[in-house]
Amino acid sequence: MRKVILRRLLQNIVLVVVIVLVVFILMRLTAGDPARMKAPVFASDEILQSYREQFGTDRPLTAQLWDFVSGIPRGDFGTSFRYQQPVFELIWQRVPETALLAFTSLTLALLVAIVLGVAGARRPGSAIDRFGIAASTLGQSAPTFWVALMLVLIFSVHFRWFPAVGFTGWKSLVLPSIAVALAVFPADLRVLRSSMIDTFHQEHIRTARAFGISNRRITWLYAFRNAALPLITVVGIDLGYLLGGTIVAEVVFNYPGVGQLAIDSVNARDYPLIQAITILTAMVFVFVNLGIDVLYMVLDPRIRIEA
Amino acid sequence: MSEQTQPRLAVRNLTTVFHTRAGRFVAVDDISFDVYPGECLGIVGESGSGKSVAALSIMGLVDYPGQIEAGRIEYAGTDLRTLSENQLRRVRGEEIGIIFQDPQTSLNPLFTVGTQLVDVVRAHRKISKSEAAALAIEKMKLVGISAPESRMKSYPWELSGGQRQRIAIAMALLLGPKLIIADEPTTALDVSIQAQIVDLLISLKNELDFSLIFVSHDLGVIQNVANRVMVMYAGRMMETGEVGSLFRDPYHPYTAALLASAPTLRTNRSEPLQAIDGRLPSPGKLPPGCVFAPRCQYVQEDCRVRQPLLESIGDAGRRVACIHPLIALPDEVHV
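Line by line, the protein sequences are chains P and G. Counting along the first sequence from 1, when you hit position 109 you're at 109 in the numbering used here, and nothing is skipped either side. Counting along the second sequence from 1, when you hit position 141 you're at 141 in the numbering used here, and nothing is skipped either side.
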């Protein structure tokens with residue numbers, strides 16, 4: 001088991017390095033000159049040139065790549081073109097807010113998916129089951145930016161329960177979390193519901209019933225543990241939606257997180273900032289999925305043995 | 001079995017149906033039987049004859065869309081059908097144990113043998129985990145599992161088929177039930193293991209004095225285990241009686257055909273086996289008269305019209321559902 005994890009860890013490091021290189025090259029292939037973004041509209045060529053020299057974008061690609069790569073081991077991810085601050089600092093200030101938003105969204109999504117998914121699987125076709133399916137269809141088809149705007153309209157503008165923008169405490173977390181969770185929970189719910197229904201039809205569940213194990217224990221221990229395996233795979237995939245969803249929600253709610261920063265940095269062609277955010281996101285994605293594989297081994301002894 | 005003893009289980013007019021989109025299928029049709037203390041009742045029939053559904057119905061384990069439509073299932077004087085889900089839960093495992101066909105799928109793959117056994121004990125008794133584990137180990141020894149302490153930590157898929165089925169039997173014995181239902185307990189096993197499991201069940205039954213319902217399509221196995229036997233076909237009971245006399249002199253043409261089609265060690269291997277022509281009628285399209293009439297080699301005109309009732313014929317306890325049974329009655333001559 002330890003060997004497998006170690007191997008996966010090495011694979012993941014290689015993967016992150018490849019992602020970093022691709023982003024580095026891709027950024028420089030896209031149209032737009034960071035110097036022009038920074039400078040006033042009708043700036044002279046001298047001013048543009050001075051910016052290019054400051055940013056280092058006048059130098060050959062290989063030299064730029066070397067600067068970038070050689071900085072990483074020292075924890076130097078470069079200086080933001082736009083903010084003139086080390087990018088690491090810029091991002092680090094905003095990580096807690098985004099992590100908080102992602103965490104509450106995922107928790108909310110899982111809570112809804114588990115409650116509705118299990119209840120629906122216990123009685124397929126019942127009112128609660130149909131409600132769960134209808135809600136997940138709605139969540140899947142409504143785009144996050146629209147849901148976010150509707151939430152603002154209803155709960156901030158009309159009822160004035162929650163702030164519409166910014167971050168001023170837990171209340172600022174409510175609407176963005178709901179907006180993101182609504183996009184994330186449908187996949188969880190569908191997968192959990194169907195794997196739970198499958199599990200309920202398995203013979204070992206009939207055995208548990210035949211030996212007088214209580215329904216609650218059968219559902220939440222015997223069946224859920226079997227059905228949770230596909231669910232945690234989907235949670236790994238969710239993470240992609242979660243990262244994308246938080247960007248949208250952060251922009252709509254003007255929430256001061258990494259997502260906002262990402263959008264700003266792309267608009268400004270702020271290469272160092274984009275690169276650093278990409279590395280961070282890739283690492284989160286890759287390592288959470290590694291964690292999920294470990295969880296898989298913990299939950300299913302058969303996988304543990306094969307590994 | 002003396003006539004005076006009360007049956008431990010008395011099933012009356014049990015009818016179990018499945019409601020599907022294609023219609024209503026009667027899987028078990030108006031079946032009555034008794035199981036007496038310490039005896040083994042064998043239920044035989046082809047696949048799809050309703051024998052397993054009948055056995056599962058006793059414990060209320062028929063899953064949706066199956067449903068017990070009528071009948072009484074009296075266990076120790078109580079009709080199990082009138083019990084609440086929670087009352088029934090207490091009967092399951094405690095009063096009536098069950099052994100399923102395939103221990104590979106009937107045990108949960110994610111939990112150790114020990115966890116599953118302990119959980120069953122603690123679903124019924126308020127005792128500590130270590131006390132429950134001690135009980136589990138005791139039963140594992142009883143079913144002949146070597147090094148039961150270390151087997152407790154094994155997952156079901158780490159064990160061989162025979163060991164798994166022994167664990168399943170230990171689980172059925174855990175709380176000392178008075179009745180054990182074995183639903184094709186040897187079908188999924190290697191032939192060499194089958195004999196061991198059958199012998200184990202017989203010796204356990206004699207030692208612990210529980211009643212056993214043994215469901216199987218294997219006539220040889222039934223002949224070894226059962227005291228009385230019940231032959232099912234298309235959801236109906238065809239014939240029932242003491243195992244010795246029924247196997248020696250089957251009165252129902254279906255029983256006779258079934259016996260003739262089963263190979264034994266004395267079967268002449270140069271001759272082809274006598275198969276029963278045709279197929280089991282689909283439950284949606286049962287023939288109007290005797291359900292076996294389309295395949296019966298002794299069929300007569302009235303068989304196709306009139307549904308035979310189960311009637312006592314011949315020796316004690318023998319009942320046959322046939323208008324023209326294979327017995328020479330004094331005033332009738334049969335082919």
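Warning: the hint list may mix true and false statements.
[As the list claims (entries may be wrong)] Covered stretches of chain G (chain P as the covering partner; in silico rule of three or more C-beta atoms under 8 Å from a C-beta of chain P):
| no. | segment |
| --- | --- |
| 1 | 52-66 |
| 2 | 116-123 |
| 3 | 316-322 |
Hint data in this document are derived by calculation from the structure and do not stem from the laboratory. No experiment lies behind these values; they were computed from the predicted model shown. The C-beta atom is built at its ideal place from N, Cα and C for all residues, glycine as well.
Do the hints match the structure? See the list:
no. : hint    : verdict
1   : 52-66   : holds (count 3)
2   : 116-123 : holds (count 3)
3   : 316-322 : violated (count 0)
Against the hints set out earlier in the document, a violation occurs for number 3 only.
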